[in-house]
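With chain R fixed as given, assemble chain P onto it according to the hints.
Here is how the chains run, residue by residue.
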Amino acid sequence: MAAEPIVQVRGVHKYFVRGDEQIDVLNDLSLDVPEGEFMALMGPSGSGKTTLLNLIAGLDQPSEGVIVVGDQIISDMNETELARWRTRHVGFVFQFYHLLPVLTAYENVELPLLLLPMSAAERRRQVYTAMELVRLTDRMSHRPGQLSGGQQQRVGIARAIVTDPTLIVADEPTGDLDSKSAEEILNLMTELSTALQKTIIMVTHDPRSAARATRILHLEKGKLVRESAVYSLHH
Amino acid sequence: MNPLVYKLEKLFYNPTAVVLMACSALALYLIFSNYKAVQFIIRSLKRNKLRTILTSLAILVLVLVVTAIWTILSKLDEITEEKSKDLKAMVTEKYGARSQMPYSYARGLADGGARKPSDVHPQDNMAWSFYIGSLEKGKFTRENFMFFFCMDPEKFPTMMDEVDTFSPTDLAILFESIKKMKADKKRIMVGKERLKLLNKRVGDRIKLFCQNYKDIDLEFEVCGTLPEGRYENSAVMNIDYLQDAIDGYARDHKGEKHPQADKALTFMFLKTEDRNSFERLAEQISTSSLFTNPAVKCDTASSGVASFLDAYRDLLWGMRWLLVPAILVTMALVISNAISISVRERRTEMAVLKVLGFSPSRILFLVLGEALFVGVLSGLISSGGLYLLINGLIGGIPFPIGWFGKFEIPLAAWWWGPAIGGGTAFAGSFFPAWSARTVKVSEVFSKIG
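Chains as they are written, first to last, in our numbering: chain R, 1 to 235; chain P, 1 to 449.
Keep in mind the hints are simulated off the structure, nothing from the lab. One should not assume that every hint holds.
Stated by the list, open to error - Straight-line C-alpha distance at most 25 Å; calculated SDA-like pairs for lysine to any residue:
1. P/Lys36 - R/Asp138
2. P/Lys36 - R/Pro101
3. P/Lys36 - R/Pro117
4. P/Lys46 - R/Leu103
As the list claims (entries may be wrong) - Facing chain R, a subset of chain P residues (Cβ under 8 Å, in silico):
5. Ile31
6. Ser33
7. Asn34
8. Tyr35
9. Ser44
10. Arg47
11. Leu50
12. Lys182
13. Lys186
14. Glu349
15. Val355
16. Gly357
17. Val441
18. Ser442
Claimed, not checked - To list a few chain P residues with every Cβ distance to chain R over 10 Å, as calculated:
19. Lys214
20. Ala261
21. Asp310
22. Phe407
By construction, the Cβ of each residue, glycine as well, lies at the ideal position given by its N, Cα and C atoms.
One chain only, chain R, in its complex shape (with noise of 0.2 Å):
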């Protein structure tokens, strides 16, 4: 029996209103992702691909249906619910890495841990494990303005990872680095997905960054319009 899914997302609408007008963003999408998935978000500037993947890291609010993750309804979650749910379930990679800039590399993956229950010694465990995951302990006790663009993203990766949430989501995260630095980070991610078994969804332009997903999502003017597995096309 195949294992339930890991998102579920079912008949999402969303739309803003802007004056007398209604922009509607997504048309009743409907997917799911299964556990341990690395799955890419493709289309054009104004798809709505961001705009889903917010939603499923619980950022906003679909207008209408159901987005379940794990076994929580998170549609029906309200802001100080939801924010207290990220903490555990959700870990965001975000194309301009959004370190925090008066905090050094530690402090600023240590951040989300200062929200959960946990010793000095714990949190102090929790974010060597991750730094060592993304191959930065000598970098800890600087600023991120002494770091370079793949580095600081390698450490929004060990922020993104270090509660050992539910989800990934990354919102183009080699959007802003070189090829090389963007090897790395795609490198890293590859290695989250299959050594740690995590579940990755990244909205991306860049198909070759894209290719390093096991399914590729494609979304024109809000709907699912193509859905491709890497793996089958690449094995």
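What follows is chain P alone, placed relative to chain R:
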């Protein structure tokens, strides 16, 4: 013993001080148990050092001004407050612009005008005249004049105000001086500040040329000092010495009485047990045939002071209800401006914190925390620093109205500053903090995608 050290030693017996210390301990506990948040707040404030320093300086200066104003207002409130126990009644001439009663009234007033066995008697009494003299005949300047309370020196410890604030050393000097004054009527006590200004010392003999009693020029010997504070610019002489001189005027002027012979008693203070006793005493005195020419009136000392301050009522009202609120509003606006700019600059950072799981209320408290940190700390440094500077070094804020000397900053200033700074910080930063709380993540990170 240094007066400031003496006062600091008394702290542990002062309820205000105990509460302050308890609040400080609680604050320290909260800081240390949330040290990560405090660390984040401090680093965020250090991000723009110039803005933080300027905001802090503005609060510091404004808290300083409010503390100085409240010191004066609270002292005046304390003096004019009607007490319910240990009232001091003040008897003055009823109809004259200046109170000028015959000294013969003193004995009868000391008894409270009692006629019947059931009448109330005062617990204690003190007669006052004033003597103003200058060291040089015909020349009256700030540097050469002296203002005397003419009284029975033995009444000083029991009837004068703020003797309980004297240090043990000052009290010892006081009692020693009183003994010497009783032994020789010409001996006087002079405030330390006044003595310094006149360039005189204990033991010096001086002759003063009177300004308020015609031809009553007197010689004195300085036998002791009055400490810094309320009496530092005043002096105390024996009232009997003045009365003897006024009575002796007739001997030197062919039997002609001194023009102010029947006007030498200015105030009579009577100590009563409570309000009821005061009311009965006042009734006894006002209905007594002994005090009809001139007629007298009996008020509480605090209402007497209040009447004197009536001339400054509008000024004091303006200070209390216009100036201070204007300053507080200004402080709130200064903080609001600084925090608003900071929140606007860090909108993305707020959104990131939300993404990481920081709830809206946590973000609200982080922003409020920044404002409160600056407000409370600046307020504490301002009012606490003013307390140490004014009380320890300068000796009080001069309030040159009437007989008021210098006002010391009260101990309560240690919580005024943090409360003013913290309160205005909270008021000024609440809306910017609410704005930070309501940052929409999807809007901050929205892009065409």
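Each hint tested on the structure:
Distance hint between P/Lys36 and R/Asp138 is fulfilled; the C-alpha atoms sit about 23 Å from each other, no more than 25 Å. Distance check on the hinted pair: P/Lys36 and R/Pro101 sit about 16 Å apart at the alpha-carbon level, within 25 Å; holds. Of the pairs offered as hints, the one joining P/Lys36 and R/Pro117 holds, with about 14 Å between alpha carbons and a cut-off of 25 Å not exceeded. A hinted pair counts as satisfied when its Cα atoms are at most 25 Å apart, and P/Lys46 with R/Leu103 qualifies at roughly 12 Å.
The beta carbon of P/Ile31 is not positioned within 8 Å of any beta carbon in chain R (closest approach about 16 Å), and the interface hint is therefore violated. Interface hint at P/Ser33: violated, since its Cβ lies 12 Å from the closest Cβ of chain R, which is beyond the 8 Å cut-off. Because the beta carbon of P/Asn34 sits about 10 Å from the nearest beta carbon in chain R, more than 8 Å, this interface hint is broken. Interface restraint check: P/Tyr35 against chain R, minimum CB-CB distance 10 Å, threshold 8 Å, status violated.
Hint status for P/Ser44: holds, given a least beta-carbon distance of 6 Å to chain R, under 8 Å. At its closest, the beta carbon of P/Arg47 sits 6 Å from a beta carbon of chain R; the interface hint therefore holds under the 8 Å criterion. At about 16 Å, the closest approach between the beta carbon of P/Leu50 and any beta carbon in chain R exceeds 8 Å, and the interface hint on this residue is violated. Checking P/Lys182 against chain R by beta carbon gives a least distance of about 72 Å; that is not within 8 Å, so the hint is violated.
At about 74 Å, the closest approach between the beta carbon of P/Lys186 and any beta carbon in chain R exceeds 8 Å, and the interface hint on this residue is violated. Because the closest C-beta pair between P/Glu349 and chain R is about 6 Å apart, less than 8 Å, the hint holds. The interface hint given for P/Val355 holds, since its Cβ lies 5 Å from the closest Cβ of chain R, which is under the 8 Å cut-off. Hint status for P/Gly357 relative to chain R: holds, with the closest Cβ pair at about 3 Å, below 8 Å.
For the restraint placing P/Val441 at the interface with chain R, the shortest Cβ-Cβ distance is roughly 5 Å, inside the 8 Å limit, so the hint holds. Taking 8 Å as the C-beta contact cut-off toward chain R, the hint placing P/Ser442 at the interface holds, the least distance being around 4 Å. Every CB of chain R is more than 10 Å from the CB of P/Lys214 (nearest about 77 Å), matching its label as outside the interface. For P/Ala261, the condition that its CB be more than 10 Å from all CB atoms of chain R holds, with the nearest at approximately 81 Å.
A cut-off of 10 Å between C-beta atoms confirms that P/Asp310 is not in contact with chain R; the least separation is 57 Å. A cut-off of 10 Å between C-beta atoms confirms that P/Phe407 is not in contact with chain R; the least separation is 44 Å.
The structure shown violates the earlier hints numbered 5, 6, 7, 8, 11, 12 and 13.
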